[in-house]
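Read off the chains here:
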Amino acid sequence: MTPFLRNLLVIARRDFLAIVATPTFLLFLLAPLFMVGMGLVGGMGASQLADSARGAGRIVAIADAADVEALRAADKSLRAAMPREPATLEVRLASASLDPVAVAREKGSDTYAVMSGPLTAPRIVEREANSSSGRYLALIAGEVVRGRVAGAPPPIAPHFEALTHGGTSIAAQQSLGFGAVFVIFLVTLLLAGQTVSSLAEEKGNKVIEILAAAVPLESVFLGKLLGFLGVAILFIAFWLLVAIAGGFVAATQLDPAAIAAAGKPAAALAVAPASGWPFFIGVGFAYFVMAFLLLGAVFLGVGAQAGTVREIQMLSLPITIFQVGMFSLSAAAASAPGSRLATFAQIFPFSSPFAMAARAATDEGHGIHLLALGWQAIWVALVVYLSVRLFRAGVLSGGSGWKVWKRKRA
Amino acid sequence: MTDYSVEATGLTKYFDSFKAVDHVSLQVPAGCIYGVLGPNGAGKTTSLRMMLGIVDPDEGTSRLLGSHRPQAVRHRIGYLPEERGLYPGMKAREAIAFMGALRGLDWSEGRRRAATFMTELGLERVIDEKIRKMSKGMAQMVQLIGSIVHAPDLIVLDEPFSGLDPVNQERLETLVRREQARGATILFSTHVMAHAERLCDRLAIIARSARRFEGTVDDARALLPMQVRYTPRDGSDTVAALLPAGAERRGEAWHFAIEDSAVEPLLARITAGGHGVAGLSIARPALHDAFVHIVRQVDAGFDGDPEEDAIEEDAA
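Taken in sequence, the protein lines are chains A and B.
The opening residue of the first sequence carries number 14 in the working numbering; numbering runs sequentially from there.
The opening residue of the second sequence carries number 258 in the working numbering; numbering runs sequentially from there.
Hint data in this document are derived by calculation from the structure and do not stem from the laboratory.
Any given hint could be a false lead.
[Said to hold, decoys possible] Listed next, with one range per pair, are the computed distances between beta-carbon atoms:
| hint | chain 1 | residue 1 | chain 2 | residue 2 | range |
| --- | --- | --- | --- | --- | --- |
| 1 | A | Pro291 | B | Ala329 | 38 to 46 Å |
| 2 | B | Ser365 | A | Gly50 | 42 to 50 Å |
| 3 | B | Gly298 | A | Gly50 | 53 to 61 Å |
| 4 | A | Phe251 | B | Ser365 | 27 to 35 Å |
| 5 | B | Ser365 | A | Pro36 | 25 to 33 Å |
| 6 | B | Ala329 | A | Pro36 | 40 to 48 Å |
| 7 | A | Gly260 | B | Trp364 | 36 to 44 Å |
| 8 | B | Gly536 | A | Lys219 | 48 to 56 Å |
In this text the structure is predicted, and so the values were computed from the model without any measurement.
Glycine included, every Cβ here is placed at the ideal spot set by N, Cα and C.
Chain B on its own, in the form it takes in the complex:
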């Protein structure tokens, strides 16, 4: 038994001549919540599909829960695909039990757990309602329950938050944390940074088919210098001389980035300058900014290489 629930090495997938996924490697430690972030069409879904053995990679290997054959451990895995799908004619309880049965759970036990889960998530009204009569968000919650009803050790959720209202998003976050507390490893993809920032123990950023970052949320945020917002008490323009070059004035406040090592000297300068402090905040940028920064950098790299871009457009 390894300490990693997912170990993917060098996963590569071509669609025609387009390299949809380019040597993506991921190591998801057991028991953590791991986010795969990336812009639309970056290759997140294809990477997840390859990890789960739904799509065969052209290169690379994937190991789930210590096994090279996903089918061998399939009853310990739960998966919510990006393209949601349920049989519209099935009742919610049956749909959940069916998905559990696919993963080796007993039908009657599946039905029982379905009722419990749905009640907990505030869906008790529609337990015996057919899927086609439900709203899209409800159906998605049903499918989510179906993905975890068999209490899997590894839960893979592809864009689980999209299509949910804020209340259900909150419920989903609670559910994810609870599953982690139960001992499950959760791997999910998203392009909404707020969820990732709140939930993830570690994350990877995939852009332009390749992995561009791997680490904790704080690691990602540390990629960018800290942001300072300083409002002098006297409001004079001469304060600009004390601040680093590139400081920008918006209203009363000055905005600028600052290296970690420059924080204390700056404070000393401001105190000594005599302009006073009406407001001061020094903060790490949000994950959002780090993400946009990384993706932009990657895009800039591609723009600098027109030939590679041309190939890609051909394929698309």
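Chain A with its partners taken away, still in its complex shape:
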């Protein structure tokens, strides 16, 4: 191990432990629980509303005993082909006292449509004119009648064949790209901002002079970044584990039928980024690291110039705005892959990690990411180098005056 790397790790180790081995870190680690908790409460309320609404909806067919089975069979075969699944079909035996309008007005459930009378000329009472429920009842009736007239049709044996490649739509890939931008941005926003105040500690307790005398400042800065990155990765790993564990628990609690019923999300998972899931996730993580290091280095450098806690607080606003700016740029680029804006966002160093992660969703090329990571790494080094120069010139040499613009004019 080179001495530089050794120093870097000594600093990183100290910072990492100093952050992690405190009660405050627990609060920090669990902070998303509040968010999740809020979301759960809101979500539960919403889903309960939806559930009660869905469970209550129905359509009713009043039919003779001879037609009941045929109607049920027709409903079963047609239901699956509908673009939007119709409400539950309730079949009732016809009797003289059963009035379709009364049935339609029964309390306790939303009745969208009621069909009565002979199947060849059904009477359909609708809640709303020309509703899909009404048309669906008519369709069932038609199916039953057609079956009777034509006799049993010969069975068909369809052979399904799926496209394994190019099956994911460009729109889905773009939203995947946007998702990547958003996730990386959110995590960076939550975690990289901490680096602003990290050097304030050393300046406050005067340890900076020991560090500056003992090791190159570059390794102090990089070591701090690395320490914070370690904290960030610990944070992400913790929540990833929680999510996976939660997933397993959920999987064992739910029966397969319920999972199959939730067919829609499963279908969404079938969307694949152009570069493939494993590569996309891997490169996404690499871009997160780069985004963290790049923005973290900028914040660290800016924060190093600040003299007081108040100044650091003042600095956090422009810093947040800067981050949001990079996010907007990358988000715009993600929704317009191949455009000039996208190219700019991919090359501009501070938006590059976000924009390139989005590109991995829509573009198959793998080699370009290596190039981008290298490019971003150069910028990390450059920002650290400049921060150190400014810090040396301003803070360490300036005697009492720490500001850059107060430097000596000798």
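We have chain A; now place chain B onto it with these hints.
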């Protein structure tokens, strides 16, 4: 390999237009204890910082242990800054090991040595105590141990004695001597003359940004004439005629300064004068007096040059 652990030549530093350090040169022979003395704000700390490469000099060069790049020999250097600082949340043992690790020492070895050092210095009670729970003096001792835990060849201590009680000052002196016996070179700054007088093999005096003296303690003391304290047995006033002009009577005794060459003639005169000798001491002035003398001389020089003074006040 040179015979000097530190060779600083013409170090100069400006803070704005104020010349904080003005062409300071120091040569610290390997294996000696070297003191940098000076009044507050003379530029001692800035000079040390420039020598160690923490601050870049505007002019001049510094060579440590034969290398022009302090970073190249950093694991052979130990430094106690003037502004003491430790991470308050760290335990003493960890803090020492951390400082050792910064200088390339293995963590576990650092922890082991930390315990040894702290036990030797009577700090065994607080080995696993957090820094924030310690007294200022204790924390300073911890930091001092951290500065030398990696057994450096060159130890630079900026005002190491300030803030320590007499017992700890004594311990520190012992420690410094022991490190010298191990073969280390020790460079320290202070404005307390007693320590310098007891410890230093050589010293430099910095006042008003520039080096005003360099030599041994005896060299410094030799700058002033010897001081005589003479009490005649008969207590008569006529004895004044035998003494040099400017002799001053305080109580029974007469005080006056005397050149080296005038000692024997004086003794002959006193013996011949018949006033008798109830008490007589002829001694070099203490380092303290030499120091005050040098600093006053420098200040007098500045007072004679009002223009230069004015510039300085502008900058301050």
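A quick look at each hint next to the structure:
1. A:Pro291 / B:Ala329: 38 to 46 Å: Since proline 291 of chain A and alanine 329 of chain B have Cβ atoms about 45 Å apart, the given range 38 to 46 Å holds.
2. B:Ser365 / A:Gly50: 42 to 50 Å: holds (43 Å)
3. B:Gly298 / A:Gly50: 53 to 61 Å: holds (58 Å)
4. A:Phe251 / B:Ser365: 27 to 35 Å: With Cβ atoms ~29 Å apart, the hint holds.
5. B:Ser365 / A:Pro36: 25 to 33 Å: Because 27 Å falls inside the window, the suggested range holds.
6. B:Ala329 / A:Pro36: 40 to 48 Å: About 42 Å separates the Cβ atoms of alanine 329 of chain B and proline 36 of chain A, which means 40 to 48 Å holds.
7. A:Gly260 / B:Trp364: 36 to 44 Å: The hint (36 to 44 Å, Cβ to Cβ) holds, given that glycine 260 of chain A and tryptophan 364 of chain B are roughly 39 Å apart.
8. B:Gly536 / A:Lys219: 48 to 56 Å: holds (51 Å)
The earlier numbered hints are all upheld by this structure, with none contradicted.
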